[in-house]
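Q: Put chain B on the given structure of chain A with help from the hints.
There are 2 protein chains.
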Amino acid sequence: MIHPQMATMLVYLFTDIAASAKELQPLLTTACDHTFNCISVDGDTSTNDTLLLLANGESGVRLKDSGVARKFADALLSVCQSLALQVVSDGEGVKHVIHLSVEQAKDRAEAMLVAKSIAHSPLVKTAWAGADPNWGRILAAVGYSGVPIQVEKVEIWIARQKVFGHGVVQKFNEMEAHRALSQPQCEIRVKLGRGKNGVVFYTTDLTAEYVHINADYST
Amino acid sequence: MIHPQMATMLVYLFTDIAASAKELQPLLTTACDHTFNCISVDGDTSTNDTLLLLANGESGVRLKDSGVARKFADALLSVCQSLALQVVSDGEGVKHVIHLSVEQAKDRAEAMLVAKSIAHSPLVKTAWAGADPNWGRILAAVGYSGVPIQVEKVEIWIARQKVFGHGVVQKFNEMEAHRALSQPQCEIRVKLGRGKNGVVFYTTDLTAEYVHINADYST
Chain A
2 MIHPQMATML VYLFTDIAAS AKELQPLLTT ACDHTFNCIS VDGDTSTNDT LLLLANGESG
62 VRLKDSGVAR KFADALLSVC QSLALQVVSD GEGVKHVIHL SVEQAKDRAE AMLVAKSIAH
122 SPLVKTAWAG ADPNWGRILA AVGYSGVPIQ VEKVEIWIAR QKVFGHGVVQ KFNEMEAHRA
182 LSQPQCEIRV KLGRGKNGVV FYTTDLTAEY VHINADYST
Chain B
2 MIHPQMATML VYLFTDIAAS AKELQPLLTT ACDHTFNCIS VDGDTSTNDT LLLLANGESG
62 VRLKDSGVAR KFADALLSVC QSLALQVVSD GEGVKHVIHL SVEQAKDRAE AMLVAKSIAH
122 SPLVKTAWAG ADPNWGRILA AVGYSGVPIQ VEKVEIWIAR QKVFGHGVVQ KFNEMEAHRA
182 LSQPQCEIRV KLGRGKNGVV FYTTDLTAEY VHINADYST
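The listed protein sequences derive, respectively, from chains A and B. Going by the working numbering, the letters in the first sequence line up with residues 2 to 220, in that order. Going by the working numbering, the letters in the second sequence line up with residues 2 to 220, in that order.
Just chain A, with the same shape it has in the complex (with noise of 0.2 Å):
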């Protein structure tokens, strides 16, 4: 039960440093949309999410000096891009986290459009539970995204290899995809050739476990 949105998910960071809430509202918005939000196991939401960032202005240092405002950013996407990879590799039944980084789209939202759509499929998670090298899912979730690819610019890579390309099956060793994607965490990369914008989504496997811890209790 977690998905971008943000999910049943109570976090709380404490700093020292001097600043205001208006200050670090923006730092935080933009840390929690590269991290918080580009989260999920299961894609199902729920409203119990909390993120909130005290400052307590402790140590001195003020977010306004010179140098500062980015070192504290970040430290905080850091700290949250953590705790985010954290709440996922904790998820129900996972094996398998998943860095898919969705490049080369024309901007943001699309990139999100597509990580979303490979993130939910039940066919890409259950293949990545078996550790499976099959590209041929996730191009077909590219594919029902709503996103209007071109395959032959679609580039499809597990771990350092590229898979598919040229809108075909690229040669590779299968058996180094099947030993990456047998790892407890493994990139994905998949490039669709239309621009310069991306984004990082960290995702699960769909396994057997998932579905008795969700279907093996009453409410």
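Read the hints as simulated data drawn from the structure, not as lab findings. Keep in mind that this is a model prediction, so the values were computed, not measured. It cannot be assumed that every hint is accurate.
The list treats identical chains as one, so a pair stands whether inside a single copy or across any two.
Listed below are the simulated SDA-like cross-link pairs for lysine to any residue, each with C-alpha atoms no more than 25 Å apart in a straight line [claimed, not checked]:
#1 K154 with N49
#2 K65 with V80
#3 K172 with D217
#4 K96 with I214
#5 K65 with F173
A: Just chain B now, kept in the frame of chain A:
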């Protein structure tokens, strides 16, 4: 891999009525919209969809004769309905088929949005796998469908029992609801309280068997 739009499906219908393609097309489109385009197993689509209707005129009965078109349309709908239901029932690992009726929507598009939101929720589908009368997961899927509902106006019915209404859970016999959901087919109705349009959608549970079928073979 079954989902409206349509899915991996090759349907050929034959009739001995006398009618032109131009006369038959609107009847077939309507029948298709209410049957083959209202089914979903897992939300994944494919490109191999065909629905053909062929008429040879052998019977001598002409579609344009008085009263024939209505009867023929009914028969066509009934055949398509039966086939669509067979497609869903035959889905990977399916143990329960759900007749999901979304009612009181402002228009059909809105009803479809809600139906698909429910039908594609892994949490809802796993609850169905366990024959669990979990109205909360259904309500959550209604809530994140994008349709601006007022929760006090929403009703959820499982078989003959109203389980949610007036914004709160209703007193209902849980064992009876569990027994109804344990059948091969069960009806679930969701009333939105927004208008007079609706859709009947045929969908399924999500079982561990589905995961095994789709995870445990390599491509």
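Q: Against each hint, give a clear statement of whether it holds in the structure.
A: Hints, verified against the model:
Within a single copy, K154 and N49 get their C-alpha atoms only as close as 40 Å, which misses the 25 Å cut-off; across copies the closest is 22 Å, which meets it. Taking identical chains as interchangeable, the C-alpha atoms of K65 and V80 lie at most 25 Å apart only when both belong to the same chain, with a minimum of 20 Å there against 70 Å between chains. In the homo-oligomer, the alpha carbons of K172 and D217 lie at most 25 Å apart only across protomers (23 Å), although the nearest pairing inside one protomer, at 42 Å, exceeds that limit. For the identical chains of this complex, K96 and I214 are neighbours both inside a copy (14 Å) and across copies (17 Å), given an alpha-carbon limit of 25 Å.
With identical chains, the CA atoms of K65 and F173 are never at most 25 Å apart, being 51 Å at best within one copy and 59 Å at best between copies.
When the structure is compared with the earlier hints, a violation turns up for hint 5 alone.
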